[in-house]
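*Asks:* Spelled out from the first residue to the last, the chains are:
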Amino acid sequence: MALRERLQELHDRGLADIKKGDSLDRINEIRVQLLGKKGPITQALRGLRDVSAEERPKIGSFANQIRDELTAAIEERNQELKKAAINAKLASETLDVTLPGTPVAQGQPHVIQRIIDQLEDMFLGMGYQVVDGPEVEDDHHNFEMMNLPKDHPARDMQDTFYITPEILMRTHTSPNQARAMEAHDFSKGSLKMISPGRVYRRDTDDATHSHQFHQVEGLVIDKHVTMADLKGTLEMVAANLFGDEFDVRLRPSYFPFTEPSVEADITCFNCMGKGCAVCKNTGWIEVLGAGMVHPNVLKMAGVDSSVYGGFAFGLGPDRFAMLKYGVDDIRNFYLNDTRFLTQFYKRG
Amino acid sequence: MKVSMDWLNEYLTLDVDPQTLGEKIERTAVEVDQVYKMSDGMSKLVVGETLSVEPHPDSDHLHICQVDVGEDEPLQIVCGAPNVATGQKVIVALPGAWIAGHHKIKKSKMRGVASNGMLCALQEIGFDEKIAPKAYDEGIYILPADSENGSSVFPILGMDDDIVETDLTPNRGDMNSMNGTAWEVGAIYGKTPKMPTFSLNEDGSRKVSDLLQFSVDETLAPTYKMRIVSGVTIQDSPLWLQKRLWEAGMRPINNIVDVTNYIMLTYGQPLHAFDYDKLSSHHIHVRLADEGEHLTTLDGEDRKLRDSDMVIADDKHAIALAGTMGGLDTEIDDNTTTIAIESAIFDPIKIRKTARFFNLHSEASMRFERGVNKDDNQKALDHAATLMAELGQGQTEQGTGVGSDTPVEPAKVSVTLTRINHVLGTQLTADQVQTIFDHLNFPTDNDGETFNVTVPARRWDIHIEADLFEEVARLYGYDNIPSTLPYGTMTPGALTFKQRIIRDSRRLLEGAGLNQAISYALTTTAKAEQFMMRDSEPTELAFPMSTDHTTARMNLISGLLDDIAYNVARKQKNVALYEQGRVFYREGDAIRPLEVEHIAGAVTGTLTTKTWHAEADTIDFYGIKGIVDLFLHDMGLSEPVHYEATQAHAQMHPGRTADIYVGDQVVGFVGQVHPEVASDYKIPDTYVFELNLQALIDAPHDQQQYEPISKFPDVTRDIAILVDQSVTNADVVALINKRGGAHLADVQLFDVYEGVHLPAGKKSLAYTLTYRDRQSTLVEADVTKAFDKVTAALEKEFDAEIR
Ligand SMILES: [Zn+2]
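Order-wise, the sequence lines are chains E and P.
Sequential numbering from 1 applies to the first sequence in UniProt numbering.
Sequential numbering from 1 applies to the second sequence in UniProt numbering.
Any given hint could turn out to be false.
As the list claims (entries may be wrong) - To list a few chain P residues with every Cβ distance to chain E over 12 Å, as calculated:
hint	residue
1	9
2	43
3	135
4	302
5	422
6	470
7	482
8	491
9	563
10	595
11	684
12	725
13	738
Said to hold, decoys possible - Now the stretches of chain E that chain P is said to cover, found in silico as 3 or more residues with beta-carbon under 8 Å:
hint	region
14	29-36
15	118-131
16	162-176
Read the hints as simulated data drawn from the structure, not as lab findings.
We put the CB at the ideal spot given by N, CA and C, even for glycine.
Required output: the full structure, derived from the provided sequences and hints.
*Replies:* Now the structure itself:
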């Protein structure tokens with residue numbers, strides 16, 4: 001047989017064998033057999049010596065072509081087999097992906113903390129500072145400086161835990177208004193602060209009363225702060241906490257430390273203002289009290305009320321949480337049942 | 001105050017439905033509790049006439065009545081009221097009627113006799129026990145004889161009248177009267193109310209000044225006046241007056257007492273009527289009581305008075321608790337003929353204290369506390385005398401007896417347009433502002449900028465510029481005020497370092513699996529004093545409300561253990577909590593405590609539960625310590641943290657508790673709650689820690705600095721040693737670090753073994769030592785040399801056997 005025919009036959013038989021080869025080992029065997037140093041192609045090429053000088057390059061290039069084709073076929077078949085092997089392995093590794101994942105311990109912030117943090121973040125973004133104050137207060141800051149002299153009837157509204165006649169558990173976070181004003185250097189610009197914290201009232205605990213609860217006080221004092229600014233700020237608070245689909249209504253009210261005083265209501269989210277049991281058929285829910293800081297409060301804190309003025313507000317995170325999440329018993333906040341604490345992780 | 005729309009319409013012509021008025025009042029003046037009719041929820045209540053009343057054959061108290069209800073045939077109704085009689089006009093609940101309490105009347109049989117409806121007492125149609133006239137306490141109500149059979153009883157009884165119930169803030173005592181409410185509603189709607197009129201006829205023959213003398217302490221009663229009406233007949237008030245009273249929530253008594261209440265509702269001026277003939281002298285004193293003085297008040301109670309209580313007295317003894325409650329001895333009774341009417345203004349603080357002390361909060365005391373219109377004081381007295389004379393067929397004696405009459409000057413307040421707009425953020429014009437003051441009926445002049453406002457005595461809450469801002473703001477309408485945000489100097493809004501650490505610390509512990517608890521900061525003294533980290537006196541409430549909350553806490557753990565107990569009692573076995581808050585330390589004789597920020601954790605059971613795939617993460621000493629390790633690591637403290645075993649905490653397990661040090665300072669402790677304490681709290685094994693967070697905030701903190709990652713590979717060597725039980729891990733690590741050489745970068749304990757395969761009193765510890773050189777590749781021989789030094793040191797110092 002001529003060399004060319006032999007090569008052609010090696011090529012055809014080789015391709016057939018490669019195609020039939022069903023394992024990586026077998027393909028390797030074929031490769032060694034066909035293309036190895038002692039393989040038929042190498043041997044056939046040795047026969048080139050006997051070919052005429054004219055034919056030699058043609059046969060030579062034909063032989064190289066055959067070798068390349070076989071090499072490629074082997075490579076291709078190898079890939080096919082590898083892929084099949086991987087697929088087979090993967091097929092054997094199937095899991096029940098519906099089995100639960102391994103638990104990771106993770107705690108939750110308290111729901112009241114969530115509300116306080118949310119308010120803090122909003123006010124920090126508007127350039128307010130967060131200010132702390134003592135929970136055991138003196139009568140002077142808690143009452144006198146808030147324009148609630150001894151014998152003021154509004155003191156009855158805030159039944160107080162006294163420790164001594166002059167020392168008490170603070171009944172509101174308002175004394176931090178006085179403390180912040182006393183400490184602030186107005187030559188350096190406006191005072192904008194909020195002050196969250198625990199407060200105490202001499203109350204019997206029941207579903208709607210707690211002897212301990214929280215307040216967030218807010219105060220802005222500058223040369224030109226207006227009732228309109230208060231309204232805009234309270235609307236921001238309502239939108240931030242409850243969403244902006246609710247209307248805010250201001251009503252006249254009375255607090256000894258503000259004049260004018262207002263209470264802010266938002267649209268009842270239970271009935272969207274139509275009237276229901278939650279809002280006592282008014283369509284509104286009271287959420288906070290506020291007003292323009294009373295000149296007596298400014299004076300007592302050493303602030304010139306003819307130059308400076310501003311607004312203050314006080315809101316109750318406990319009440320907010322009850323309204324926002326439908327918590328029907330304030331005691332839940334302080335008994336710390338884990339089934340209660342772990343509920344509050346949702347974003348809305 | 002319950003405001004009757006019928007009555008209000010006598011002052012003002014309002015073309016507005018009551019709901020709208022309520023909303024308007026709420027947005028402009030004071031809160032409105034509800035808008036209602038007394039007849040709400042009731043129907044088919046008509047006038048009936050008893051044609052015959054026969055005893056029931058099978059009952060000793062029931063009657064069979066034939067009742068004309070304006071139909072062709074009378075209705076047969078069985079009635080048990082003792083006062084039912086022939087020829088009465090009665091309240092009939094027809095079959096299908098709704099009466100009070102969502103109760104429906106059906107045809108029925110009573111002891112075999114058909115009963116087609118019900119004859120009603122006032123209580124059965126919604127009248128409170130406290131307002132239904134006493135005469136009808138035991139039976140059905142008898143309507144006026146001219147009532148038309150079959151017509152609705154609602155208009156006759158005023159039950160179809162709309163009532164707007166206002167809830168007054170303390171500053172708006174002026175609205176505790178119809179006059180005041182009418183002024184306010186008039187201002188809202190821009191109308192001037194028509195005030196009540198009457199014509200006083202002093203037709204008596206005597207002068208009051210001859211009948212009464214006074215000694216009045218003007219500091220107690222700046223105004224004290226009396227009139228006398230004589231020759232009166234005590235009887236029931238006419239129905240129009242009774243209606244006014246019960247619509248306002250007050251009980252009709254008799255014509256004299258009712259007039260005092262009616263005048264109080266009209267003018268806001270409480271009055272008191274004394275039986276002149278029962279006075280033991282005709283010299284009236286307003287004075288403080290003698291300590292221990294006795295007075296029997298109208299309610300029959302014998303009151304032991306204090307020397308701060310104000311009384312009205314004759315020469316001998318107290319006859320009334322001033323402004324709060326009259327005395328029984330001088331009460332108006334059926335035989336009274338001569339009335340001394342008192343119209344006074346008392347010191348509101350004294351009234352409040354007395355009312356509070358005796359728990360005698362009355363319509364009168366409440367009005368004295370919140371203020372009385374001096375301008376109407378005489379008018380109220382005159383009007384009362386006129387009405388009593390009229391309703392009691394008596395004569396008004398001449399003149400007024402005046403014990404005191406301190407004039408009240410109207411407040412004059414000036415305010416500028418610029419200031420109003422500056423404070424409210426509005427752009428009101430002078431005309432707009434003037435209109436508001438005009439609507440308020442405050443005499444005001446302005447020059448286009450400055451407003452000089454004269455505030456009538458009826459608005460005693462207004463004294464200063466800011467009070468006028470409020471009047472303008474509310475009447476202009478809060479809805480009309482624009483919404484803006486404060487501008488001016490920009491201020492940075494940022495948490496302080498302390499606040500950031502507190503926030504971060506919460507997040508850290510939540511990441512470690514603990515839920516934030518907020519417990520009661522007031523607890524028992526015993527619990528307040530547990531788990532303390534320093535000596536402190538308790539801070540105790542003078543008048544606690546409950547024995548569970550008497551003392552400010554001096555630790556956080558006890559609160560967390562209460563929380564765990566609450567959970568455990570509710571079958572929650574796995575509880576992991578932390579709390580961040582203050583403890584209250586008080587030095588021996590200091591009054592105010594120091595408030596120190598702490599953070600504490602408490603875990604019982606498992607942090608994660610066992611699943612098909614993973615074991616439960618059950619808490620133990622090392623579990624809770626791991627949380628503390630993580631926490632303190634992330635605090636980034638400059639000084640090293642170490643733990644020392646301690647038995648100093650009485651409520652902690654003596655063998656499983658460590659004090660936590662930062663440098664030389666103890667900042668807290670960690671360990672297992674003493675089993676006996678756990679048992680007292682009724683909780684299972686619980687692991688806790690408490691840290692002085694303030695100390696961690698104040699401690700030096702490392703500045704963050706990037707440390708380049710070594711380009712050269714680490715070399716590690718493992719070593720296992722056998723040492724005495726008494727040698728601690730901390731001892732070994734300290735020695736390894738001391739003798740480890742310049743390149744020792746880390747020492748990690750990877751195994752502890754104590755058990756049967758080891759000699760008694762010995763334990764095996766195994767460590768991985770990591771060597772690192774940032775400048776060059778470590779030479780094997782150098783590491784071996786360094787490692788050998790460590791081995792030798794361990795053998796020498798701890799008699800360690802290298803394994
Ligand atoms: Zn609603």
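*Asks:* Against each hint, give a clear statement of whether it holds in the structure.
*Replies:* Against the structure, the hints come out as follows:
no.: 1; hint: 9; in the structure: 24 Å, holds
no.: 2; hint: 43; in the structure: 20 Å, holds
no.: 3; hint: 135; in the structure: 35 Å, holds
no.: 4; hint: 302; in the structure: 26 Å, holds
no.: 5; hint: 422; in the structure: 7 Å, violated
no.: 6; hint: 470; in the structure: 3 Å, violated
no.: 7; hint: 482; in the structure: 5 Å, violated
no.: 8; hint: 491; in the structure: 4 Å, violated
no.: 9; hint: 563; in the structure: 4 Å, violated
no.: 10; hint: 595; in the structure: 6 Å, violated
no.: 11; hint: 684; in the structure: 15 Å, holds
no.: 12; hint: 725; in the structure: 32 Å, holds
no.: 13; hint: 738; in the structure: 36 Å, holds
no.: 14; hint: 29-36; in the structure: violated (count 0)
no.: 15; hint: 118-131; in the structure: holds (count 9)
no.: 16; hint: 162-176; in the structure: holds (count 6)
The earlier numbered hints that this structure contradicts are 5, 6, 7, 8, 9, 10, 14.
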